[in-house]
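Asks: Chains as they are written, first to last, in the numbering used here: chain A, 1 to 216; chain B, 1 to 221.
Since the hints were made in silico from the structure, they are not lab data.
Computed footprint of chain A on chain B; a stretch qualifies when at least three of its residues, placed anywhere within it, have a C-beta under 8 Å from a C-beta of chain A:
#1 2-8
#2 13-25
#3 86-97
Quick caveat: nothing in here was measured; it's all calculated off a predicted structure. Just so you know, even glycine gets a beta-carbon here, dropped at the ideal spot from N, CA and C.
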Amino acid sequence: MVPTMSESKQPSTHLDVSGLSARRGGRTIFEGLSFSLINGTSLMVTGPNGSGKSTLLRILAGLLRSEAGTITLTPEDGAEICYAGHRDGLKGGLTVEENLGFWAKLYGANQEAVEQAIDRMALETVLDMPADMLSAGWRRRAGLARLALGTAPIWVLDEPYTALDAENVVRIDGVLNDHVNAGGIVVLATHQAPGFTPSNQINMANYPAKTSEVDW
Amino acid sequence: MKSFFILIGRDLRLSIRHRADTIMVAGFFAITVILFPFGIGPEPGVLERVGAGILWVTALLASLLSLDHLFSDDEQDGALDLLLTAPVAPTTVVAAKITAHWLTTGLPLTLLAPILGVALQMPSESTLPMITALLIGTPTLSLIGAVGAALTLGARRRGVLLPLVILPLYIPILIFGVGAIDTSGMGFDANGLFAVLGGFLLMAAALCPWAAAVALRIATE
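Bound conformation, chain A alone (with noise of 0.2 Å):
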């Protein structure tokens, strides 16, 4: 008999970190990190500063390499990672709907997925204004409003509420529960209690160095 694929059954995506440390101007900031996450499941990291959140994020969208351990994506080829850190990416020069365009495009989205993203940071009001002239708050939705462009499974949010009012956190929440009763794996670092409930948490004190060479 020829086996044949379960067409129903949709890839359920991993990501999987084991023994995870590293390493940053000399000093070790974490070691012996391990978490598993699958499809429709989120991850809180907390921690105080310095302690290797932005690290953390930045090692597991592909940005810095890890001391030790190891990052398992399953599958291999489709859970893609789609990373927003401190920094929005937009372009100053050009306007609101011209950024989130080029990422639309990029990403293989269609003017509907754009028309969505827009109505959910509700930036109807901001699209044809160059990006330079928005607000810190205004800024963060429009750099947001990428996510729900791509098609990647996996969001890697580095303090996605910086300067957003009490309105846009319960709406940044709203996107990240859709995304994750969706399917998709939320990975967050924040001072801030999300609305939502993280299916994990994990405090980055938990992980100090082990070899006692602290100071700088």
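Guided by the hints, dock chain B onto chain A, whose structure is given.
Replies: For chain B alone, kept in the frame of chain A given last:
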């Protein structure tokens, strides 16, 4: 390949928004070349002899002006991180940025050169070779320059470091570029020199985007 053109489109749109940058590079090229007739004097023969060299050296310096922010603008506003994590090969990102750089720097310089050649009293026979040599040579400048721009990204005093890294690598293009224009201007066959310039271009096109992408990875760490 589609994302390659999307990325070029973005950079071109940005350079239209910040068109002063492009105009400044072309303006620098034009003014610097025009200074030479004043400095050297109008004796016939002298300018004609050094004209091709002046054009090339000035073109090298002008293309350096805009290399400085080839990657640094995107690095500063965080777009570089997002481009490197996007579902696009870093080599494609780099190749697109190099192409856009050439379209906004090398191409305008190539088009300006024949007009400036008149100010340098260059013979009309060398106009076509001049355009051809610049057309083949200036993309190589952008390609090699991108490696330097990526290597010096995030370095202090980048503005000074970049020319120190890049200019020595421009010497072969300068030699063959000037040689091609001069030889053709004297009525000799310069196909061999053009072929060498073409060879440089192909070699740079094969190696530089890859090398610059590796350098970018290191720079963003």
